[in-house]
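Numbering of the sequence shown is given in the numbering used here, commencing with residue 6 and proceeding in unit increments.
No lab work stands behind these hints: they were computed from the structure.
Please read these numbers as outputs of a predicted model, since none were measured by experiment.
Keep in mind that the hints are not guaranteed to be accurate.
Claimed, not checked - Restricting the straight-line Cα-Cα distance to at most 20 Å, the calculated cross-link-like pairs of lysine to any residue (SDA-like) are:
no., residue 1, residue 2
1, 141, 285
2, 285, 301
3, 141, 161
4, 285, 351
5, 351, 31
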Amino acid sequence: MGIWSRKSAEATLKDGAYKKTKLKRNLGAVDLTALGIGAIIGTGIFVLTGVAAARYAGPAVVLSFIVSGIASGLAALSYAELASMVPVAGSAYTYSYVALGEIIAWIIGWDLILEYAVSAGAVAIGWSGYFTDLLKAIGIVLPRWATSSPLMGGVINLPAGLITAIITSLLVFSTRESSHANKFIVAIKLLAVLLFIGIGAFHVKPSNWVPFAPNGWSGIMTGSAIVFFAYIGFDAVSTAAEEVRNPQRDLPTGIIASLGISTILYIIVAGLLTGMVSFKRLDTPAPVAFALLEVGVPWGAAAISVGALAGLTSVLLVTIFAQSRIFFAMSRDGLLPHVFSRVHAKFGTPYIITIVTGTVVALIGMVLPIGMVAELANIGTLTAFILVSIGIMILRKTQPNLRRPFKTPLVPFTPILTIVFCAYLIVSLPRVTWIRFVVWLATGFMVYFFYGRHRSIASREGCS
Numbered sequence: 006m007g008i009w010s011r012k013s014a015e016a017t018l019k020d021g022a023y024k025k026t027k028l029k030r031n032l033g034a035v036d037l038t039a040l041g042i043g044a045i046i047g048t049g050i051f052v053l054t055g056v057a058a059a060r061y062a063g064p065a066v067v068l069s070f071i072v073s074g075i076a077s078g079l080a081a082l083s084y085a086e087l088a089s090m091v092p093v094a095g096s097a098y099t100y101s102y103v104a105l106g107e108i109i110a111w112i113i114g115w116d117l118i119l120e121y122a123v124s125a126g127a128v129a130i131g132w133s134g135y136f137t138d139l140l141k142a143i144g145i146v147l148p149r150w151a152t153s154s155p156l157m158g159g160v161i162n163l164p165a166g167l168i169t170a171i172i173t174s175l176l177v178f179s180t181r182e183s184s185h186a187n188k189f190i191v192a193i194k195l196l197a198v199l200l201f202i203g204i205g206a207f208h209v210k211p212s213n214w215v216p217f218a219p220n221g222w223s224g225i226m227t228g229s230a231i232v233f234f235a236y237i238g239f240d241a242v243s244t245a246a247e248e249v250r251n252p253q254r255d256l257p258t259g260i261i262a263s264l265g266i267s268t269i270l271y272i273i274v275a276g277l278l279t280g281m282v283s284f285k286r287l288d289t290p291a292p293v294a295f296a297l298l299e300v301g302v303p304w305g306a307a308a309i310s311v312g313a314l315a316g317l318t319s320v321l322l323v324t325i326f327a328q329s330r331i332f333f334a335m336s337r338d339g340l341l342p343h344v345f346s347r348v349h350a351k352f353g354t355p356y357i358i359t360i361v362t363g364t365v366v367a368l369i370g371m372v373l374p375i376g377m378v379a380e381l382a383n384i385g386t387l388t389a390f391i392l393v394s395i396g397i398m399i400l401r402k403t404q405p406n407l408r409r410p411f412k413t414p415l416v417p418f419t420p421i422l423t424i425v426f427c428a429y430l431i432v433s434l435p436r437v438t439w440i441r442f443v444v445w446l447a448t449g450f451m452v453y454f455f456y457g458r459h460r461s462i463a464s465r466e467g468c469s
């Protein structure tokens, strides 16, 4: 079958049980929900809300979040079915290998590398910005050369590299301990979000919601394509499938619960934020803290900054975790060097690829500006969502007897609607994003045809 070789669900499940590459099952439904919230609530709510409102949607950014939330929710239903059927590391990459064949799986895996590595780099840069501002508030001013990329007038962004190194070390030593740390961090940032809601509710001026949609429907949809970055974390839950105690039950719960909670909070925060301050003034890296300063609550702004740091820390933790698990799955299939799927004998983690992932993210965060790295993540994720939805429909036809602990409702209508939503959002993205995406895909095809194709285990074993 060559490039169209498919792995059976049974063979994929056996991979997850193979002793030499077996990960420890330490996670439950609460861990997964916290993992999802940890990945979802961060950059979107603390950074992108203001950018999308000021540049594109105005107060109608609330509708932008609703549209993106619907698209993500529909995709989440497909993810939940596949995750419960094939609870193995790799997320959409693994699902595509089972449903669509090796070449499509490679494209998805390559897309997800773009999604996670690039978005993690963006988060590290954002973390550095909040950290630098917080130090400045207490009288400690770090030199510009040590906090900005060369393209932004500095030499190196050291705080971005430092936080990435800390998170990477935590992930190398223990999935369980990193999960506990994530739950603690998630609790802090949820308290910060609730604090903002509690304060903001008393400082809303309805006049700030006029005009509601200054750029019409096109502005809302462009805003939706931009804030979609805020939702991509939910599929990080499925990358942890091989480390879940009861994946058939807990994966669907974690995916759907984390997305639902996060969407509700996004909508409330977006509405309050644009009601507190004119949307025209929200084009700032820290719009939530800015709004609280503008309404005369500086202590609230300081508290939100701490919550934002916690939020960005948890996003960074989950994105590096998810990226390493996708690399791990691709390596185990032979598409990347086998050394990347080596599991530490004591810690039970894929330590080599976690270190490699952390190093790449740190380099991105230290030397590139946030504008360059942030805009690439969405298109890869949307493409992955489309292919997962296609995979659901194909598997319902080709393997109808597979056990499905969770079933996506209203197939084929739900996956078709997901495809339509995601395709529309892709079309709404800026042209430069398309150009960079094409270059990235071309590079990926070269890696596959010169390396992965000849070393693929599925192709050598003659999988269907």
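How the hints compare with the structure:
1. A C-alpha spacing of about 26 Å is found between residue 141 and residue 285, which places the hinted pair above 20 Å, so the restraint is violated.
2. For the proposed pair residue 285 and residue 301, the alpha carbon gap of about 19 Å is at most 20 Å, so the pair holds.
3. Taking the CA atoms of residue 141 and residue 161, the gap is near 18 Å; set against the 20 Å cutoff, the hint holds.
4. Annotation: proposed proximity of residue 285 to residue 351 is violated, straight-line Cα distance about 53 Å (limit 20 Å).
5. Between residue 351 and residue 31, the direct Cα distance comes to roughly 14 Å. Compliance with the 20 Å bound is thereby established for this hinted pair.
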